[in-house]
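Peer 1: Could you slot chain B onto chain A? The hints should help.
Number of protein chains: 2
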Amino acid sequence: MTDFQAILDGNRLALSRLLTQVENDSPESRAALVELFPHTGKAHLIGVTGSPGTGKSSLVNQLALHYRKLENKRVAVVAVDPSSPFTGGAVLGDRVRMRDLAGDPGVFIRSMATRGSLGGLAQSTANVVRVFDAAGYDIVIIETVGAGQSEVDIARLAHTTLVVEAPGLGDDIQAIKAGILEIADILVVNKADRPGVEMTEKALKSMLELAHPVQRRFKHHGTYMDVPVYETQPQTQVWIPLIQRTISTDGAGIPELVQSIGRHVAYLTQSGDWTLRERTRLEVELDGLIREELVARFRRNVPVEQYESVLEKIVQRKMSPGEAVKLLMDGRFK
Amino acid sequence: MTDFQAILDGNRLALSRLLTQVENDSPESRAALVELFPHTGKAHLIGVTGSPGTGKSSLVNQLALHYRKLENKRVAVVAVDPSSPFTGGAVLGDRVRMRDLAGDPGVFIRSMATRGSLGGLAQSTANVVRVFDAAGYDIVIIETVGAGQSEVDIARLAHTTLVVEAPGLGDDIQAIKAGILEIADILVVNKADRPGVEMTEKALKSMLELAHPVQRRFKHHGTYMDVPVYETQPQTQVWIPLIQRTISTDGAGIPELVQSIGRHVAYLTQSGDWTLRERTRLEVELDGLIREELVARFRRNVPVEQYESVLEKIVQRKMSPGEAVKLLMDGRFK
Chain A
0 MTDFQAILDG NRLALSRLLT QVENDSPESR AALVELFPHT GKAHLIGVTG
50 SPGTGKSSLV NQLALHYRKL ENKRVAVVAV DPSSPFTGGA VLGDRVRMRD
100 LAGDPGVFIR SMATRGSLGG LAQSTANVVR VFDAAGYDIV IIETVGAGQS
150 EVDIARLAHT TLVVEAPGLG DDIQAIKAGI LEIADILVVN KADRPGVEMT
200 EKALKSMLEL AHPVQRRFKH HGTYMDVPVY ETQPQTQVWI PLIQRTISTD
250 GAGIPELVQS IGRHVAYLTQ SGDWTLRERT RLEVELDGLI REELVARFRR
300 NVPVEQYESV LEKIVQRKMS PGEAVKLLMD GRFK
Chain B
0 MTDFQAILDG NRLALSRLLT QVENDSPESR AALVELFPHT GKAHLIGVTG
50 SPGTGKSSLV NQLALHYRKL ENKRVAVVAV DPSSPFTGGA VLGDRVRMRD
100 LAGDPGVFIR SMATRGSLGG LAQSTANVVR VFDAAGYDIV IIETVGAGQS
150 EVDIARLAHT TLVVEAPGLG DDIQAIKAGI LEIADILVVN KADRPGVEMT
200 EKALKSMLEL AHPVQRRFKH HGTYMDVPVY ETQPQTQVWI PLIQRTISTD
250 GAGIPELVQS IGRHVAYLTQ SGDWTLRERT RLEVELDGLI REELVARFRR
300 NVPVEQYESV LEKIVQRKMS PGEAVKLLMD GRFK
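So the sequences go chain by chain: A and B. Residue numbers for the first sequence follow numbering that gives the first Met the number 0, so the first one is 0 and each next one is one higher. Residue numbers for the second sequence follow numbering that gives the first Met the number 0, so the first one is 0 and each next one is one higher.
Same shape as in the complex, but just chain A (with noise of 0.2 Å):
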């Protein structure tokens, strides 16, 4: 039974511990997320992607700070690492962030790691999204590792998202980026003192003009169910990504980093996309549960032998997968 009072209430403990049970989503964890659903969608979330080498970490850091210290928000940091276990740079970041800010009971930071699928850790992270918003934390901060189509899923959790480059990462780099880049509310170019700043503020400049901010909108809040919600919705605003420069390890660029988003908040606002990527991520997390809980009740009707009978038939070439389907589908969907 969990304590919801204690969780709106703020109580650390009973945050901890549902967030815990969140991610090993327990019967209680789903029971809670009921309860706690109708308190949310009140938090900033904002999206934190970028290879490793940007000084990402550093950087979300120095933004948790800011929120905290100087407009005394309560900011909770999301960690995702969805890499393989080579890394571990999750753990690592968290004792390097504790130093400046365990102890500050309006900060919140939580490392989570792939367990299952990335689909898995897609929704997992989205429920923990929930519980801070919750829980009141004005600013939700989700971190990730720039490498594919998860941060793509990840970044669509965030009202704003900042993709994180750094100079001297290689052109190659830009290439494989060509995707993350699309989801960029903010550029920053961190480790603006290192040499060559200014060709990577060049570099993503000619990228975003290749972009077609107008197109761009449209894939950003593309849906899985197809749903034509933008033929109603007037397009009379386009956001263009912002670039800007900061040093994370001196917090210089900070500042400015915040106003920019503030203005990026703002003209979500102003423009009906804060409601309209609210109801488009709540939409997607939505088509996911419906996709899950499909081929739950699959695997609950469908016996272990006639799966496994069908699969040894498509193994010998007696029978093709799109006959294995419609044999294992016939009448069990009405």
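There may be inaccurate statements among the hints.
Facing chain A, from chain B, some residues (calculated, C-beta under 7 Å) [to be verified]:
id : residue
1  : 273
2  : 283
3  : 289
4  : 313
5  : 314
By construction, these hints were calculated from the structure, which means they are not laboratory data. Owing to the predicted nature of the structure, the values given are computational and were not obtained by experimental measurement. Note that CB positions come from ideal geometry on N, CA and C, so glycine has one too.
Peer 2: What follows is chain B alone, placed relative to chain A:
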């Protein structure tokens, strides 16, 4: 109506037509895939993945030339480009290749670009590969840009996976690709005439040592439905990924690479891994098709108005996503 016999006989025009239908997922192509399925399972599928700048495409070109001219094999190349519209790499690649291989009836090159979701691309790539297999191509090379989960999915199609590196791409590239390394059967250090080749090779070796080969193999074969096939499989033999230097511009190292690929085929056959990979591949495909069909049936059965009204309640925080799923699914799957 597809002319199956023409395809089995190796008619290029009929083949080309069917490939287009398969890419468009037309009803005719679905029927054709059922008909062709019993004729598949003979080709050796070789996956080649690597970042832009590694010279991957010309390496594939050289491999195809070698198999064709020195071993008299029929070779198909499927070049998959899941990147954003910025690069346009696939089309350019084809043109360069044409000079060497055009007009040879024993070679067929096909480029595929992302149209819908990456999941859809993996499925249509699987189908295109299957058509080449049925049409009697001995070797099917599947080439992808190494940029994340999609490559892992597509690599699952292959019996043998080559990961291509090149000197001078920087440390950060290495970090990003930790996950990609785990799928490599052979690591190719291309552009081996460039400075820094020893360092790249050394970095790869130390990463391989970190990767714990036994654990790696278990992960490699892990499937979605969690059927514990491994428990019954004795793990008598382990493949340690080979590292191979090549210079694709002049073909140096290609005969040695082909030899290593041959050793991998021998290993797969002797260890039983060939059968295991086939089975895993077909199982992953079956699971994907089941998911797709479940969602399609759900969409047909749940009125759009009901879905929209439930989503609206979620947006207004009057119903949680979890509750919404229960409501939408109620009684619909027996």
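Peer 1: Hints the structure violates: just list their numbers, smallest first.
Peer 2: Of the numbered hints, 1, 2 do not hold.
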